[in-house]
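A.B. asks: Could you build the full structure based on these sequences and the hints that come with them?
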Amino acid sequence: MTCLITERLTMRRCQPSDFEAMQDLVSDIDVVRMTSSWPYPADPELTRSRCQPFDPKQGMVGVVLHEGMLVGSMGLAQKPDEDPQLGYMFARAHWGRGYATEMGRALINHCWAQYDWSLIRADAFADNPASAHVLEKLGFEELGSSTGHSVARGESHPLRNFQLLRPQS
Numbered sequence: 001m002t003c004l005i006t007e008r009l010t011m012r013r014c015q016p017s018d019f020e021a022m023q024d025l026v027s028d029i030d031v032v033r034m035t036s037s038w039p040y041p042a043d044p045e046l047t048r049s050r051c052q053p054f055d056p057k058q059g060m061v062g063v064v065l066h067e068g069m070l071v072g073s074m075g076l077a078q079k080p081d082e083d084p085q086l087g088y089m090f091a092r093a094h095w096g097r098g099y100a101t102e103m104g105r106a107l108i109n110h111c112w113a114q115y116d117w118s119l120i121r122a123d124a125f126a127d128n129p130a131s132a133h134v135l136e137k138l139g140f141e142e143l144g145s146s147t148g149h150s151v152a153r154g155e156s157h158p159l160r161n162f163q164l165l166r167p168q169s
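FYI, the numbering for the sequence shown is 1 to 169, going by full-length UniProt numbering.
Calculated from the structure, these hints are not laboratory results. None of the hints are false.
Derived EDC-like pairs: lysine to aspartate or glutamate, alpha-carbon spacing no greater than 20 angstroms straight-line:
hint	residue 1	residue 2
1	K137	D127
2	K57	E82
3	K79	D55
4	K57	D116
5	K137	E7
6	K137	E102
7	K57	D83
Only a predicted model underlies this, so the values are computations on that prediction, with no experimental measurement involved.
C.D. replies: This is the structure in structure tokens:
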């Protein structure tokens, strides 16, 4: 897997040595409640399973580091018969520093260069305006709304749906 390096951050594949830092990240209810698939309380076996190699033919998923410390996780990947989807989560101590925007921009540019995708989709829970703001700064346009399930919350909540079209060359 390629490492992505920005002015302040590095993104690389999650490694078994990242387990404890990832487990700390997903043990914060305020982080995982804004995701669809992470449970609360955190499940160590799920965390271990997600710290495994990812098929690069489907996109790029990894951990985000600042000065060698894991500060979040981000991915842009395409599941079979679905549009590519951007997702991210960052430790609460690192919210508001522009990390999601900075690495999101690098990841999107990398994936436009690597894959022939025509668009990228992303969702944000309606009660997470900070995530929606990141998507808007990355150039995503809001398409509408839907309902999405949050495993951590144990229920469905309104989602804001976004799309980013491939730039015309």
